Amino acid sequence: MNIILAGVGGQGIVLASKVIAQSAMQKGLKVRTAETIGMAQRGGCVVSHVRIGENIHAPLVALKTADLMIGFEPAEAVRALPFLRPQGTVIVSQKAIKPVTASLSAEGYEGKTMLDYLQNNVSRLYIVDSDAVCSVCGSPKVLNTALLGAAAGSGALGFTLTEMETALESVLPVKLLSMNIQALWAGAQNIEEGNICV
Amino acid sequence: MEQVLLMGNEAIAMGAIRAGVAVVTGYPGTPSTEILETVARKNPGNIYVEWSVNEKSALEVAAGAAYTGLRTMVTMKQVGLNVASDPLMSLAYIGVEGGMVIVVADDPGPISSQTEQDTRHFASFAKLPVFDPSSPEEAYQMIGDAFAYSEKYKTPVLFRPTTRVCHGSASIIFEPAQAASSAGAFVKNPKWTIFPRLSYEKHLQIEDRRPILEADFSSYPCNTLTGSGKRGIATGGISYAYTCEAIQALKECRQCENDVQKNSSDIDYKLFKVSTPHPFPVKLALEFLSGLDEVLVIEELDPVLEKELIFLCGQYHLPVKVFGKLSGHSPQAGENSVEIARKAITKFLKQPNQDEDCRLNLSTLNAKHEDIHNKEESIAEEDQQTVEVIQPEQPALPVRPPVLCAGCPHRASFYAVKKAMKGKKAVFSGDIGCYTLGNASPLEMVDTCLCMGAGITIAQGLHRAEPDTVNFAFIGDSTFFHSGIAGVINAVYNETDIVLIILDNSTTAMTGHQPHPGTGKTMMGNIAEKISIPAVLQALGVKQITTCNPLNLKQAVAAVQDAAAVRGVSAVIFEYPCISIVKPGPQFTVDPEKCSGCKRCIKELGCPAITWKLDKAEIDSALCYGCSLCAQVCSFAAIGGEPV
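As they're listed, the protein sequences go chains A and B.
Sequential numbering from 1 applies to the first sequence in this note's numbering.
Sequential numbering from 199 applies to the second sequence in this note's numbering.
Treat the hints with caution; some may be incorrect.
[Stated by the list, open to error] In the DSSO-like style, the derived pairs of lysine-lysine whose C-alpha atoms are separated by at most 30 Å in a straight line are:
(1) Lys112(A) x Lys801(B)
(2) Lys781(B) x Lys741(B)
(3) Lys792(B) x Lys95(A)
[As the list claims (entries may be wrong)] Stretch by stretch, here's where chain A covers chain B in the computed footprint (C-beta under 8 Å, at least three residues):
(4) 432–443
(5) 530–541
(6) 598–606
(7) 635–646
(8) 752–766
[Said to hold, decoys possible] Computed far set for chain B versus chain A, every beta-carbon distance over 12 Å:
(9) Tyr246
(10) Thr266
(11) Ala346
(12) Thr424
(13) Ala447
(14) Leu484
(15) Leu516
(16) Val625
(17) Thr744
(18) Cys746
(19) Cys799
Think of the hints as simulated: they come from the structure by calculation, not from any bench.
All values derive from a computational prediction rather than experimental measurement.
The beta carbon of each residue, even a glycine, is placed where N, CA and C say it ideally should be.
Build the full structure now, drawing on both the sequences and the hints.
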């Protein structure tokens with residue numbers, strides 16, 4: 001199984017990929033991941049690759065082979081779309097993060113354009129109302145676990161929410177645990193309530 | 199024995215601990231940093247770990263310890279080896295007693311570096327063995343081998359992982375750590391003192407050693423030769439992983455094709471994996487070349503394996519054609535991928551490119567099945583498009599270059615200098631660190647950036663050519679200690695007018711917040727004497743030194759104006775900690791009633807927390823650190839919050 005996590009530096013993507021890897025290892029599966037670290041991560045595009053299973057050599061997912069893509073931001077989901085295989089699933093956060101360059105230029109960019117494009121080009125798309133989930137949990141920093149919850153809830157991740165919870169317990173410090181477990185379930189619930197699913 | 203997820207850098211660290219390393223030194227640099235940090239974190243208690251002031255110091259400290267028989271490791275990124283090359287070249291002659299491994303992480307892409315230099319060249323230049331792991335789990339094993347070879351031949355060895363090995367993670371079966379090697383003891387001997395006569399003798403010994411190592415490496419289990427046929431693929435490092443996947447996909451592709459067409463012919467090829475690019479495993483390479491018509495080399499950065507094979511073909515009169523970077527069959531720059539390997543191998547093995555039904559679809563690469571000898575086609579150009587494939591209906595994607603974080607004190611420092619120099623002839627020389635990002639619009643305050651510590655000296659050269667210009671040199675605290683101080687001495691000694699701007703954020707931020715001599719903390723957890731930057735500058739004879747908080751815009755601008763008026767060397771030290779090591783202050787908000795929509799805050803500062811909503815500025819509460827700079831810039835007092 002190949003998973004792509006795409007977003008902007010600072011959104012907690014590296015941690016999210018660790019949680020997925022931990023969930024896989026709990027079930028005795030082999031994992032490879034690759035992350036973006038260093039200069040590229042300061043507000044730039046960040047893509048994490050997670051690969052689960054036997055006979056996997058490369059840390060990077062090849063184009064058109066991702067079974068699941070978790071988009072932390074609409075435009076970054078569109079940018080990473082070439083990784084998705086036909087019939088692959090996309091979980092995407094509704095909230096756009098506008099880069100400084102977009103604020104400076106006259107055009108800007110709208111998240112809705114990106115979400116419309118995803119709806120037209122992805123066979124299984126789940127849009128997560130991340131603002132709503134984060135405000136329920138009381139922090140914008142739980143976006144990553146909320147999206148993981150949504151991915152697990154959609155069935156595309158292949159792990160149950162309880163399995164994810166166990167993984168969170170071994171990856172996160174205790175003081176952050178309860179808020180993130182809440183976000184995990186809230187993310188899944190957001191999907192069940194069927195915000196937008198194509 | 200348990201399965202754990204280890205990043206390549208963590209695997210190298212754990213492998214070194216298992217091998218009984220006793221002294222570990224280094225200087226932070228992406229993608230190498232986590233190696234030393236992991237050793238410090240997992241220190242069983244008997245390992246000495248330090249962030250040295252720079253790579254040269256790190257290598258020398260480790261060499262001294264290795265003279266005594268201890269196992270030592272040094273870590274750095276590829277450009278760090280340039281700084282450490284002076285001791286490296288001499289140490290190659292002097293040798294060591296205990297195993298010494300110099301880990302130098304290369305960065306194909308480059309993803310976070312100034313250059314795409316290839317440390318395998320440094321190995322052959324310095325005539326030192328080099329190990330090139332292809333995965334985190336191989337790195338975990340191979341680092342132990344590197345110590346063993348180092349001790350066997352009494353020479354330092356290089357260990358060169360690349361970014362995708364360093365920052366890739368894998369589930370690894372973990373073995374219990376060994377005890378550290380016994381206490382070192384320095385035995386006095388003339389062999390530790392380099393002299394021309396000794397150098398001559400050592401040079402001969404090193405040359406005599408090369409064929410012995412070439413033979414030894416031919417039976418090293420990580421150098422492998424498999425398969426049969428008239429065509430061969432040679433690869434190493436992470437490119438080996440891409441090659442395996444590409445071949446696997448090609449075989450699956452053949453299978454589904456054969457189900458339909460029944461014109462089966464197995465794909466025949468030899469696969470040569472080189473884990474020690476220098477000294478080259480010649481015996482094994484000759485075995486590989488024997489009976490081949492053609493060879494395809496898949497490697498990143500420079501054509502090192504390709505040239506070795508061409509050399510052998512010439513030396514042994516072998517009628518084998520070698521294809522790779524030199525022949526235009528693989529990209530000259532940038533990192534490899536499964537797609538690049540797949541495309542090159544498909545063409546090389548003369549396999550039809552039936553991608554539509556296969557797992558790995560390369561239609562986006564416009565891959566055509568063409569004659570391998572066709573040099574005209576440049577893969578490199580096409581590869582630029584592999585990730586961002588523009589489909590006709592795809593909306594324009596926002597450009598997202600890396601930027602200074604919201605609340606970053608460097609933004610305030612740059613802005614203060616910009617304001618102070620408005621309308622004046624000034625050139626701003628930058629340096630390596632987070633503050634290189636001051637180059638971005640709208641600040642545009644980095645006119646030059648070359649390498650660690652160069653901003654201070656480049657500014658002096660610029661000033662010699664244009665004495666009527668105010669020449670600024672920006673440098674961070676960690677870079678100042680690394681290699682900035684010598685440049686300041688040069689300016690004071692030669693009476694050059696420059697304005698030093700020290701951006702002191704109390705950490706080495708870009709690489710993930712490592713301590714340095716100004717922080718008063720060490721990797722052993724000790725509290726050390728803080729080295730005061732103003733006191734250093736004063737001792738060096740800098741005429742005017744001002745320390746100020748960059749977040750107080752008025753004071754900061756005045757400090758810069760005063761410094762710029764001084765003849766000789768003056769300095770402003772902007773002191774404010776990196777946002778990642780302090781708690782955020784109370785957040786700021788825009789009063790929509792007062793906001794005139796002039797966009798001044800956005801256009802002047804380019805803070806990622808300030809966005810534009812309809813016709814007003816808005817501050818993103820998830821990003822604002824409460825630095826207050828925007829409130830100080832707003833002409834309409836529309837931005838409010840607690841002043842710092």
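Hints versus structure:
1. At roughly 25 Å between alpha-carbon atoms, Lys112(A) and Lys801(B) fall within 30 Å of each other, so this suggested pair holds.
2. The hinted pair formed by Lys781(B) and Lys741(B) fails the criterion: a straight-line CA distance of about 35 Å is larger than 30 Å.
3. Between the alpha carbons of Lys792(B) and Lys95(A) the distance comes to roughly 26 Å, so the proposed pair stays at or under 30 Å and holds.
4. With 6 residues having a Cβ less than 8 Å from any Cβ of chain A, the region 432–443 of chain B passes the three-residue criterion, so the hint holds.
5. Residue count for the region 530–541 of chain B with a Cβ under 8 Å from a Cβ of chain A: 4. That meets the three needed, and the coverage hint holds.
6. Taking a C-beta to C-beta cut-off of 8 Å, the region 598–606 of chain B contributes 6 residues in contact with chain A, enough for the three needed, and the coverage statement holds.
7. Under the rule that three or more residues need a Cβ within less than 8 Å of chain A, the assignment of the region 635–646 of chain B holds, with 4 such residues.
8. Figure legend: the region 752–766 of chain B, annotated as covered by chain A; annotation inconsistent (0 residues with Cβ-Cβ distances under 8 Å, at least 3 required).
9. The Cβ of Tyr246(B) lies farther than 12 Å from every Cβ of chain A, with a closest approach of about 26 Å, so its non-interface assignment holds.
10. At the 12 Å boundary, the C-beta of Thr266(B) stays outside the reach of chain A, the nearest C-beta of that chain being 35 Å off.
11. No Cβ of chain A approaches the Cβ of Ala346(B) within 12 Å, the least distance being about 26 Å, so the stated non-interface status holds.
12. Here Thr424(B) stays apart from chain A, with its beta-carbon at least about 14 Å from theirs, past the 12 Å limit.
13. Listed as a non-interface residue, Ala447(B) fails to keep its Cβ farther than 12 Å from every Cβ of chain A; the least gap is roughly 8 Å.
14. Distance check for Leu484(B) against chain A: the nearest CB is about 27 Å away, which clears 12 Å, and the non-interface claim stands.
15. At roughly 29 Å from the closest C-beta of chain A, the C-beta of Leu516(B) stays outside 12 Å, upholding its exclusion from the interface.
16. With 12 Å as the threshold on Cβ separation, the claim that Val625(B) sits away from chain A holds: the shortest Cβ distance comes to roughly 23 Å.
17. Every Cβ of chain A is farther than 12 Å from the Cβ of Thr744(B); the closest lies at roughly 28 Å, confirming the non-interface assignment.
18. With a least beta-carbon separation of about 25 Å from chain A, Cys746(B) lies farther than 12 Å from that chain, consistent with its non-interface assignment.
19. Its beta-carbon lying about 10 Å from the closest one in chain A, Cys799(B) breaks the requirement of being farther than 12 Å from that chain.
Hint check: violations occur at hints 2, 8, 13 and 19; the rest are consistent with the structure.
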